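Here is what each chain is made of, one letter per residue.
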Amino acid sequence: MTPAWLLDIVAAAMLAVAALSAARLVAARPWRRGGVIIDTDVAHLLMAIAMAGTLTPRLSTLPDSGWGVIFGLLVAWFAVRVTRDIRRSGLRALAGGHCAPHFVHSASMLYMVLAMTAAASPATAGMDGMDMSGASAMTLRYPTLALLFAFILVGYSIWDLDQLSGRRYAFGAARVPGIPLPAIADSAALTVPGSAMSRGSGPTTPTTGYVRGAAGAVAGPVPGEGAMGERLPRTWGGHRGGHPPGGNRAFLLSPAVTVGCRIAMGVAMAFMLFIAI
Amino acid sequence: MSDLALGRAALQGQLGAEGRPAAASLDPRRVLQLGLAAAWLLDGVLQFQPFMYTKAFPQMLTASAAGNPSVIARPIIWNANLASHHLVPLNTIFATIQLLLGLGIALRPTVRPALAASVVWSLAVWWLGEGFAGILGGTANPVDGAPGAVILYALLAVLLWPADRSAQPPPYVAARAVGVRAAQALWLVLWLSLAFFAVIPANRAQGALSDVLTDAAAGEPGWLAGLDKGAASLVAGQGLAAAVALAVAFFVIAVGVFLPRRAARAVLGLAIVLAALIWVIGQALGMILATGATDPNSGPLLILLALAYWPASTGGPELAR
Numbered sequence: 065m066t067p068a069w070l071l072d073i074v075a076a077a078m079l080a081v082a083a084l085s086a087a088r089l090v091a092a093r094p095w096r097r098g099g100v101i102i103d104t105d106v107a108h109l110l111m112a113i114a115m116a117g118t119l120t121p122r123l124s125t126l127p128d129s130g131w132g133v134i135f136g137l138l139v140a141w142f143a144v145r146v147t148r149d150i151r152r153s154g155l156r157a158l159a160g161g162h163c164a165p166h167f168v169h170s171a172s173m174l175y176m177v178l179a180m181t182a183a184a185s186p187a188t189a190g191m192d193g194m195d196m197s198g199a200s201a202m203t204l205r206y207p208t209l210a211l212l213f214a215f216i217l218v219g220y221s222i223w224d225l226d227q228l229s230g231r232r233y234a235f236g237a238a239r240v241p242g243i244p245l246p247a248i249a250d251s252a253a254l255t256v257p258g259s260a261m262s263r264g265s266g267p268t269t270p271t272t273g274y275v276r277g278a279a280g281a282v283a284g285p286v287p288g289e290g291a292m293g294e295r296l297p298r299t300w301g302g303h304r305g306g307h308p309p310g311g312n313r314a315f316l317l318s319p320a321v322t323v324g325c326r327i328a329m330g331v332a333m334a335f336m337l338f339i340a341i
Numbered sequence: 003m004s005d006l007a008l009g010r011a012a013l014q015g016q017l018g019a020e021g022r023p024a025a026a027s028l029d030p031r032r033v034l035q036l037g038l039a040a041a042w043l044l045d046g047v048l049q050f051q052p053f054m055y056t057k058a059f060p061q062m063l064t065a066s067a068a069g070n071p072s073v074i075a076r077p078i079i080w081n082a083n084l085a086s087h088h089l090v091p092l093n094t095i096f097a098t099i100q101l102l103l104g105l106g107i108a109l110r111p112t113v114r115p116a117l118a119a120s121v122v123w124s125l126a127v128w129w130l131g132e133g134f135a136g137i138l139g140g141t142a143n144p145v146d147g148a149p150g151a152v153i154l155y156a157l158l159a160v161l162l163w164p165a166d167r168s169a170q171p172p173p174y175v176a177a178r179a180v181g182v183r184a185a186q187a188l189w190l191v192l193w194l195s196l197a198f199f200a201v202i203p204a205n206r207a208q209g210a211l212s213d214v215l216t217d218a219a220a221g222e223p224g225w226l227a228g229l230d231k232g233a234a235s236l237v238a239g240q241g242l243a244a245a246v247a248l249a250v251a252f253f254v255i256a257v258g259v260f261l262p263r264r265a266a267r268a269v270l271g272l273a274i275v276l277a278a279l280i281w282v283i284g285q286a287l288g289m290i291l292a293t294g295a296t297d298p299n300s301g302p303l304l305i306l307l308a309l310a311y312w313p314a315s316t317g318g319p320e321l322a323r
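Chains H and B, in that order, give the protein sequences. So the first sequence is numbered by our numbering: it starts at 65 and just counts up by one. So the second sequence is numbered by our numbering: it starts at 3 and just counts up by one.
Next comes chain H alone, as it looks inside the complex:
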């Protein structure tokens, strides 16, 4: 068997990703006027927690059915986003876009939950959550799907690494000044009732959009989506006043950190899929 300490190390790495994603969500200050929540951070947080629980039973949190619902919703959410990306940019959105990898990550997790649940032996049937350690080692039904997902995950991870080292992704949070209205008209950004934008801050007031995360995925797109985004220029990271945040916060909120988390999760997921085939 794959040694338990190795699974613990990968689980620890996933907890670190979860902590980083949580820190990003907090740093984005969604409770403040104009705060930002990023759907991928919510997805990373949930997936990392689920993966840690799968790798190390004592970190298990929700039952399979709960994770199944969560990942099903994430799959639906990112499927919509990928479809929109493809409509806008064509098939290159699958390689250059941000949502396609997250769609694959979510689908892989959903597959793992469903395939493992279906294959659960009577000995493990009473356990909460997925578990791939010890005697109750997880095996996956439809292993060809596992192989397919693992190949795609590895492909995206390698691509992300190349793009990250090619400095496609910034290591600091950049300011996004005055975006022309038509340019962001197709944004799926939503405001939270009570936020600065929903109160109708003037177009000259730099603020940030509140973006629906996983919770939004539950409800799916709602009427009026993007409406607030059409009104206002935004800054990144929830910083008010139109100035980019600096220092650690800037780094924490940088695209590179998200992509780094995505790489770690992609490799860890491929690892999990292969050891469970």
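Derived from the structure by calculation, the hints contain no laboratory data. As the structure is a computational prediction, the values presented were derived from the model and not from experiment. Treat the hints with care, as some may be off.
Some chain H residues close to chain B (C-beta under 10 Å, calculated; not the full set) [stated by the list, open to error]:
1) 69
2) 125
3) 175
4) 210
5) 214
6) 222
7) 225
8) 226
9) 228
10) 229
11) 331
12) 337
13) 338
Yeah, the Cβ is synthetic: ideal placement off N, Cα and C, and Gly gets one too.
Could you slot chain B onto chain H? The hints should help.
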């Protein structure tokens, strides 16, 4: 980060190249390097499989010594014994090295050291882990992965080395680092050796190919096992004819890079199709689904190699020159 947070234009502004078609400006050699990186990463992850932490792994290493001269076999046995006594730490180190090679090639600043290290590691594994894939023992079978998947990693690392030998645009990626003549020679040696291995006595026996295909079906999912068994029954008793047909195909591919651009493309297309068929049917996708695979086998690497020789549409001299 999702563009949800910013709107598309904002994202484009922030991420710089986000709005540009990322792949459009990507160097074809870099794309192939990333393919090699993915293969190493897969190798590394596969090496972490539970099977590799059992005694079956050192037994597999020991088995690769069979048929080799003692000077070659002794280090293999030594390595297998070492792995047997320190299975968990050694296998973890092996897996981690391969993982790091993949990550290193994918990271632009470390591509050179990672490629160089991959050549050294490949040669070590080819000897100590694969026993030169049975080349010296007369059991090498191209359908089964000869001359060894891992040596193809080394070959690709050399051909995809990030250097340009000539200021002139080369006819294909593989010629950029080593030059046209050396690239042609390497291709010729590889595919002629495959043609040779296809018709050695062990592989032209009546049931040789069908036995390989039947073995490949073991432990595979139904659809893949069905494919393997179907193919095995198709070539049952036709070992010699199948071996000769394969050898002829390999020979045609070997000389393909000396042909004019159009003909070369057709031959390289044949190489890709044949490698894909060998990978899916002959190698059962590297037997990953049956567990116990240490790599995806030679099929994907042969495809990657053929792509490295794919003639550029513009620029460069005719291939035969």
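For each hint, the structure was consulted:
Interface hint at residue 69(H): satisfied, since its Cβ lies 9 Å from the closest Cβ of chain B, which is below the 10 Å cut-off. Here the hint on residue 125(H) is broken, as its CB sits about 24 Å from the closest CB of chain B, past 10 Å. Because the beta carbon of residue 175(H) sits about 15 Å from the nearest beta carbon in chain B, more than 10 Å, this interface hint is broken. Against a cut-off of 10 Å between C-beta atoms, the interface hint on residue 210(H) holds, since the closest Cβ of chain B lies about 8 Å away.
For residue 214(H), the suggested interface contact is upheld, since its CB lies about 7 Å from the closest CB of chain B, less than 10 Å. The beta carbon of residue 222(H) comes within 5 Å of a beta carbon in chain B, closer than 10 Å, and the hint placing it at the interface holds. Interface restraint check: residue 225(H) against chain B, minimum CB-CB distance 4 Å, threshold 10 Å, status holds. Using the Cβ-Cβ criterion of 10 Å, the hint placing residue 226(H) at the interface with chain B is satisfied: the shortest such distance is roughly 5 Å.
For residue 228(H), the suggested interface contact is upheld, since its CB lies about 8 Å from the closest CB of chain B, less than 10 Å. The restraint placing residue 229(H) at the interface with chain B holds, with a minimum CB-CB distance near 4 Å, inside the 10 Å limit. Look at residue 331(H): its Cβ gets to within about 7 Å of chain B, closer than 10 Å, so that hint holds up. A hinted interface residue such as residue 337(H) counts as satisfied when its beta carbon comes closer than 10 Å to some beta carbon of chain B; here the least separation is about 9 Å, so the hint holds.
Given hint, residue 338(H) at the interface with chain B, holds; its Cβ is 5 Å from that chain's nearest Cβ, closer than 10 Å.
In the structure shown, a violation is registered for the earlier hints numbered 2, 3, in ascending order.
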